[in-house]
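*Asks:* Build the full structure now, drawing on both the sequences and the hints.
Protein chains: 2
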Amino acid sequence: MSAGAAYADWIAVDWGTSRLRVWAMAADGTIRAEAASDDGMGGLARDGFEPALLKLVAPWLGSVPVPVVACGMVGSRQGWAEVPYRAVPCAPGALQPVPVATQDGRIRLFIMPGVSQAKPADVMRGEETQIAGFLVEEPGFDGILCLPGTHTKWVHISAGEIVSFQTFLTGELFRLISEESVLRHGIADEGFDQARFESAVADALSRPERLAQRLFAIRAEGVLQGLTPEAARSQLSGELIGAELAAARPYWLGQEVVVAGAPALAALYGDALQAQGVSARVLDAGPLTRIGLGRAYTTISETTA
Amino acid sequence: MSAGAAYADWIAVDWGTSRLRVWAMAADGTIRAEAASDDGMGGLARDGFEPALLKLVAPWLGSVPVPVVACGMVGSRQGWAEVPYRAVPCAPGALQPVPVATQDGRIRLFIMPGVSQAKPADVMRGEETQIAGFLVEEPGFDGILCLPGTHTKWVHISAGEIVSFQTFLTGELFRLISEESVLRHGIADEGFDQARFESAVADALSRPERLAQRLFAIRAEGVLQGLTPEAARSQLSGELIGAELAAARPYWLGQEVVVAGAPALAALYGDALQAQGVSARVLDAGPLTRIGLGRAYTTISETTA
Chain C
1 MSAGAAYADW
11 IAVDWGTSRL
21 RVWAMAADGT
31 IRAEAASDDG
41 MGGLARDGFE
51 PALLKLVAPW
61 LGSVPVPVVA
71 CGMVGSRQGW
81 AEVPYRAVPC
91 APGALQPVPV
101 ATQDGRIRLF
111 IMPGVSQAKP
121 ADVMRGEETQ
131 IAGFLVEEPG
141 FDGILCLPGT
151 HTKWVHISAG
161 EIVSFQTFLT
171 GELFRLISEE
181 SVLRHGIADE
191 GFDQARFESA
201 VADALSRPER
211 LAQRLFAIRA
221 EGVLQGLTPE
231 AARSQLSGEL
241 IGAELAAARP
251 YWLGQEVVVA
261 GAPALAALYG
271 DALQAQGVSA
281 RVLDAGPLTR
291 IGLGRAYTTI
301 SETTA
Chain G
1 MSAGAAYADW
11 IAVDWGTSRL
21 RVWAMAADGT
31 IRAEAASDDG
41 MGGLARDGFE
51 PALLKLVAPW
61 LGSVPVPVVA
71 CGMVGSRQGW
81 AEVPYRAVPC
91 APGALQPVPV
101 ATQDGRIRLF
111 IMPGVSQAKP
121 ADVMRGEETQ
131 IAGFLVEEPG
141 FDGILCLPGT
151 HTKWVHISAG
161 EIVSFQTFLT
171 GELFRLISEE
181 SVLRHGIADE
191 GFDQARFESA
201 VADALSRPER
211 LAQRLFAIRA
221 EGVLQGLTPE
231 AARSQLSGEL
241 IGAELAAARP
251 YWLGQEVVVA
261 GAPALAALYG
271 DALQAQGVSA
281 RVLDAGPLTR
291 IGLGRAYTTI
301 SETTA
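First to last, the sequence lines map onto chains C and G. So for the first sequence, the working numbering puts the first residue at 1; every next one is plus one. So for the second sequence, the working numbering puts the first residue at 1; every next one is plus one.
Hints in this document: simulated from the structure, not taken from any laboratory. Here the structure is a predicted model, which is why all the values come from computation and not from measurement. Treat the hints with care, since some could be wrong.
[As the list claims (entries may be wrong)] So, partial list: chain G residues that the calculated Cβ filter (under 8 Å) puts toward chain C:
1) Val163
2) Gln166
3) Leu169
4) Thr170
5) Gln213
6) Leu215
7) Phe216
8) Val223
9) Gly226
[Said to hold, decoys possible] Chain G stretches covered by chain C per the calculated footprint, using a threshold of three residues with CB under 8 Å from any CB of chain C:
10) 43-54
11) 77-88
12) 119-130
13) 244-258
The beta carbon of each residue, even a glycine, is placed where N, CA and C say it ideally should be.
*Replies:* Right under this line is the structure:
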């Protein structure tokens, strides 16, 4: 590396509500370095974004401006700069990241747009880039991509486009109920009872409207019948995922389904679908955002070359 | 009042998770004084209960021990002393409060048992005393009593007994989602849009399984379509109460229903039921606990006279 040259040819940034992840990328797509911090969008004021980014990427910069491509909540109204949504149907691989001014001349920032849907009203920020990454790997995919997480997305993909999608608050409800509600007294932080998970999924699918009642029953079974904290955790997870599957049925019934997420969570969705007779493929979503950001970087290179 | 005589003939105590309320009662049932504090069960260690109570009631004590009758979470495993549940069917008006030892000889403490149900597993602590109070007022009631709140109870009452009941986490979900989830950005603390509430109730009743999806739609409609924070609050309330009504349908369909709660919340339940063709009577639950404690006090007087 000559003096003054940057260590990164470009920088990939996944900036969500609670986490910031960055990768120093070479032009050929290899990863030279990576870093992460808890400086998520949720904890930053507008003038806090640039310092939070520089804290991680400064060692990778040089005298020539380095392109930085970011996705996620960093582009929301509460983010660094609001980047408008693109409406469905749209091709995530063709989304153009939007240039955003910075104080520091060593970086040239671009933020990915999110994707919106008018009816039913829905939005995503960050997942469009994961989907773009998935389509780099499987350009001909036609079917349903499920992205489980804090706000789980079910996405109908055809001919390289997002046709429609639907978001469920399942992950956030799990966290709030297990950590903040009266149920927290009887729910383990870890441990899992697979049989109880699967029976809760089946229960919830058959009587999805009983969710709020069955949640309290977890508490009552702990008090009266000695339900273990591990079993309670599995029961809660199964009730919530089962209720989600009941509502998302038009998405998965008779479709080709891929679940891409953190491995343990994605496996749960895969198991729950399997019990409904759907053989979903389960992928680790880890690399997808970075690959999608790489796809977006090529669109910058093309337009600014 | 002669020197050394207590100001209260007995003391009524409603001790929940977050609040402590006390009344200085005369033998003839009139209220001589009342007080309250935020020393709920949730914030107290086992040895903190007696000082928290004395802080409020000390001025009402004298040289002769005063009976104190308490109900609510004070009798739970995390409370002052655990008082076992009585199983349904049981007559709330015949529940015997259980004597509990105190350090201070100026009080003679009794705590009400809660009520449990084996299948579906369910528990109550505090509501049994509200129900006892309700039955003092309406001893011949045969039908359904709905007690909306943090943990809403639907109770089937016949011949002076609790036949069965079911608890819903609705109030707690409303608080967690409106204050702690991603929806908090777009939900008002106050204000209400009655038409939107009623349409959300109807929506939720017709497709109750879609709850987790519709919750996120509230966020998306705020971002995309300018849903006002007041409308979002009403929508969330309607979605949750509608989903509860869908699950509680066997309780209210074709039954005589009384809703007893805080007036604004009870009115919402009354409106939601009215839209389903059920003319529920709506009562202020305010006095019921105290009246139920009065009923329990008479059972002590009878047994210890």
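*Asks:* Now tell me if each hint is right for this structure.
*Replies:* Do the hints match the structure? See the list:
no.	hint	verdict
1	Val163	violated, 17 Å
2	Gln166	holds, 6 Å
3	Leu169	holds, 5 Å
4	Thr170	holds, 5 Å
5	Gln213	holds, 5 Å
6	Leu215	holds, 5 Å
7	Phe216	holds, 4 Å
8	Val223	holds, 6 Å
9	Gly226	violated, 11 Å
10	43-54	violated (count 0)
11	77-88	holds (count 3)
12	119-130	holds (count 4)
13	244-258	holds (count 4)
Hint violations for this structure: numbers 1, 9 and 10, all remaining hints satisfied.
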